[in-house]
Amino acid sequence: GAGVSQSPSNKVTEKGKDVELRCDPISGHTALYWYRQSLGQGLEFLIYFQGNSAPDKSGLPSDRFSAERTGGSVSTLTIQRTQQEDSAVYLCASSLNGAGSGNQPQHFGDGTRLSIL
Amino acid sequence: EDQVTQSPEALRLQEGESSSLNCSYTVSGLRGLFWYRQDPGKGPEFLFTLYSAGEEKEKERLKATLTKKESFLHITAPKPEDSATYLCAASGNTGKLIFGQGTTLQVKP
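Residue numbers (the working numbering), protein chains in the order written: chain R, 1 to 117; chain G, 1001 to 1109.
Simulated from the structure, these hints should not be mistaken for lab results. Cβ coordinates follow ideal geometry from the N, Cα and C atoms, glycine included. Don't take every hint at face value.
[Claimed, not checked] Calculated cross-link-like contacts (lysine to aspartate or glutamate; reagent style EDC-like; alpha-carbon spacing at most 16 Å):
hint	chain 1	residue 1	chain 2	residue 2
1	G	K1042	R	D110
2	G	K1096	G	E1015
3	G	K1108	G	E1001
4	G	K1069	G	E1001
5	G	K1057	G	E1081
6	G	K1069	G	D1002
7	G	K1096	R	D56
8	G	K1096	R	D18
9	G	K1068	G	E1056
[Unchecked claim] Simulated coverage check for chain R against chain G, where a stretch passes if three residues somewhere in it have a Cβ under 8 Å from a Cβ of chain G:
hint	segment
10	23–29
11	64–71
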């Protein structure tokens, strides 16, 4: 009865390097979401997947950020040429149905804490 | 613009001292109001969904209520293990969850 699983739990990298963050949603959940949470800040929406499609990418901060989802399951968030301002906790969530319904709770993983030196 | 505001930002209670957390929302076509609990170093843990004004939900010492403009999370006789950050989120016509900044609750024994 696994929940949302994210890896790695912590990542420290040098400025300018690329990083990949992985999310494994709850089995059977069709919708998947990525958020960013900076120290003392609220949750910032990044991108939403319904199946393998991303109907809403409006929260991605720049073209250095991209995400994909394969097989309607695992998703990867990639940050290229990382900057210090990218340091944050990246959270993934999944829900049974998509954002179009808007009434299903999202269930979160414990996040990846990303630190850019 | 859809917006969710939580107050207070921080709340300190003595064990057993009941209180309420407020979540004010401005969302077009509310589809759901969600409460989460977040412990340090963890992701938000789902607590409740409320769908319409007048609805109430309870779980142990927590009760969530909803009006047309705000939601309250009532904590009755809290214990130290209730210490956490409580997040409120609302979804409207866009289907997107809009989160408040959270209320950090500390319950002292």
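Here's how the hints hold up against the structure:
| no. | hint | verdict |
| --- | --- | --- |
| 1 | G:K1042 to R:D110 | holds (5 Å) |
| 2 | G:K1096 to G:E1015 | violated (36 Å) |
| 3 | G:K1108 to G:E1001 | violated (38 Å) |
| 4 | G:K1069 to G:E1001 | holds (15 Å) |
| 5 | G:K1057 to G:E1081 | violated (20 Å) |
| 6 | G:K1069 to G:D1002 | holds (12 Å) |
| 7 | G:K1096 to R:D56 | holds (9 Å) |
| 8 | G:K1096 to R:D18 | violated (28 Å) |
| 9 | G:K1068 to G:E1056 | holds (13 Å) |
| 10 | 23–29 | violated (count 0) |
| 11 | 64–71 | violated (count 0) |
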